[in-house]
Amino acid sequence: MAWFTRDKPSVSTQRGGRTVKTEGLWEKCPGCSQILWRKTLEENGEVCPKCGYHFKIDAFARLKLLLDGEWVEHDKGLRSTDPLEFFDAQPYKQRLANMESRTKLPDAAVSVTGTLNRRKVNVCALELKFIGGSMGCVVGEKITRAIERSLAEKTPLVIVSASGGARMQEGAVSLMQMAKITAGLMRLDEAGIPFVSVLTDPTTGGVTASFAMLGDLNIAEPGALIGFAGPRVIEQTIRQKLPEGFQRSEFLLEHGFLDAVVKRSELKSFISRALDFFAGPVT
Amino acid sequence: MDSETTKAPEQPAGDADSPWRRVQLARHPGRPHSLDYIERLVKEFQELHGDRFFGDDPAIVGGFGLLEGRPVMVVAQQKGRSTKQKLHRNFGMPKPEGYRKALRLMKLAEKFSRPVIALLDTPGAYPGIDAEERGQAEAIAVNLREMTRLKVPLVSVVIGEGGSGGALALGVGNRVLMLENAIYSVISPESCAAIIYRDAGLAEKAASALRLTAADLLHLQLVDEIVPEPAGGAQNDYDQAAALLRDALVRSLDSFAAASPADLVEQRYDKFRRMGSYFTDS
Ligand SMILES: [Zn+2]
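So the sequence lines, in the order shown, correspond to chains A and B. With the numbering used here applied, the first sequence has no gaps in its numbers, which climb one by one up to 432 at the end. With the numbering used here applied, the second sequence has no gaps in its numbers, which climb one by one up to 288 at the end.
Just so you know, the hints here were simulated from the structure itself, not pulled from any lab data. Each hint should be verified, as a subset may be incorrect.
What the hints assert, rightly or not - Here are the simulated lysine-lysine pairs, DSSO-like style, with alpha carbons at most 27 Å apart:
id: 1; chain 1: A; residue 1: K199; chain 2: A; residue 2: K213
id: 2; chain 1: B; residue 1: K211; chain 2: B; residue 2: K157
id: 3; chain 1: A; residue 1: K242; chain 2: B; residue 2: K211
id: 4; chain 1: A; residue 1: K213; chain 2: A; residue 2: K417
id: 5; chain 1: A; residue 1: K225; chain 2: A; residue 2: K242
id: 6; chain 1: A; residue 1: K390; chain 2: B; residue 2: K49
id: 7; chain 1: A; residue 1: K303; chain 2: B; residue 2: K92
id: 8; chain 1: A; residue 1: K412; chain 2: A; residue 2: K177
id: 9; chain 1: A; residue 1: K199; chain 2: A; residue 2: K225
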């Protein structure tokens, strides 16, 4: 929870797995240290063809990967009021404006309706580049509205997480978004409408401790950092180095918290088959 | 019970209303902890242990008893006072089995139509290897969802430190109260200061920026009521602090006496659904 949330995703720099595309024509793979052509990487869905390392991708790339083509975006106009009038290195309002001009997104979530192998679905994708994908009241409201839309239309919901947790700059208002979203998910659960949670690198804090762990299916991409507390906080608390692979997707699978670890190239067909199972084939 | 009598505590320095002073009071070594309140408010309290899966977490205490003659289930985060007790209670930082025990007891209360009182007082959920292995995030997430559909009244009270998701995991109440000098925040002032000022020593400044006092939370419409404390803080008079809490609890529970299970679920949903602060830019 953002007890431990950092302003920027800490993992990418640690492992060198920068999501930000460099201007260069090649990139070094953090998984196998091979030098890869940017073009090859792009053609392979930002997955290393040598070792399978999954590079981070942005929210729109994610939607392209999962949806058939066109989609309708919802609630694009939602903006935070800055309820705390928060000020750090810069006023929070200014930070939001800067983030918007850099990412062309008003906040850290994109909410759309589209089709996935011809089935109508609502999809929310978090954008890690926007203040670490953190959840403030705009993310909370967008996801809650997507849940309500799924309820009203009996449409399956997919949420793709990439987030450091609740957003510090909105204080306890961010915290309560966890309760607000899970209340919505309770209704979705009672109505028997499928919710698939996709956890990508990284998913931590208040996002993991709310909707990301509450899917009818919780599935993750390989090698994603997934946890409640961030690794650095745990190391500081227990004063020892964490074991290799701790809090990675495979670790969570082994400990029983994921239904499956699914490669990016197989994600769409996996979700499609799951929704066929839950809701019957598309007619 | 591990409540221990305290020596006359010194008063924290600073402006009586400053957020930092509230932080110090919320964490005051002499401040009454959950069991101090339970001992004074819940007659014939019977503690119940274990999550039925892994173990019993001493950082969360649960059990049943009578509040002014009303049968209630209590689930509470418990800190220790002596060094030994602090270690035993893991400094009030629950592990997944603690959250799962709390949920088990809430469901047990629901089965027999008894209301639940939750006392929140934790620096946060425990950030450790074992806690992660056993699904700290999943345990908190499931508690949040299951509380939203609990068919009996749930009154949550932040009595000291409301440390982020670890506190909220008991906090999705029909009514949420906060003691006058309690704090509730998404991040500790120290961690916040380390991030924004690169200096944990500037926690005092961060405490103001985070708007974590009871008055702030009430103003932000995230809690329903502030429970007054004895002059100078709850550490000065446990009995009076408990009596003030008793009044607020009884009033809260009685306000739901006529509510149907469906009403309770809907009221709780609507209350949390409204939380947020956004506008639409066209
Ligand atoms: Zn590689």
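Hints and how they fare:
Between the alpha carbons of K199(A) and K213(A) the distance comes to roughly 23 Å, so the proposed pair stays at or under 27 Å and holds. Taken as a hint, the K211(B) and K157(B) pair is broken in the structure, with Cα atoms around 41 Å apart against an allowance of 27 Å. Of the pairs offered as hints, the one joining K242(A) and K211(B) holds, with about 19 Å between alpha carbons and a cut-off of 27 Å not exceeded. This hinted pair checks out: K213(A) and K417(A) have alpha carbons roughly 10 Å apart, not beyond 27 Å.
Our distance criterion of 27 Å between C-alpha atoms is met by K225(A) and K242(A), whose separation comes to about 17 Å. With a C-alpha separation of about 47 Å, the suggested pair K390(A) and K49(B) falls outside the 27 Å cut-off, and the hint is violated. With a CA separation close to 49 Å, the supplied pair K303(A) and K92(B) exceeds the 27 Å bound. This hinted pair checks out: K412(A) and K177(A) have alpha carbons roughly 20 Å apart, not beyond 27 Å.
For the given pair, K199(A) sits about 38 Å from K225(A) by alpha-carbon distance, which is inconsistent with the 27 Å threshold.
Hint compliance for this structure: hints 2, 6, 7, 9 are broken, all remaining hints hold.
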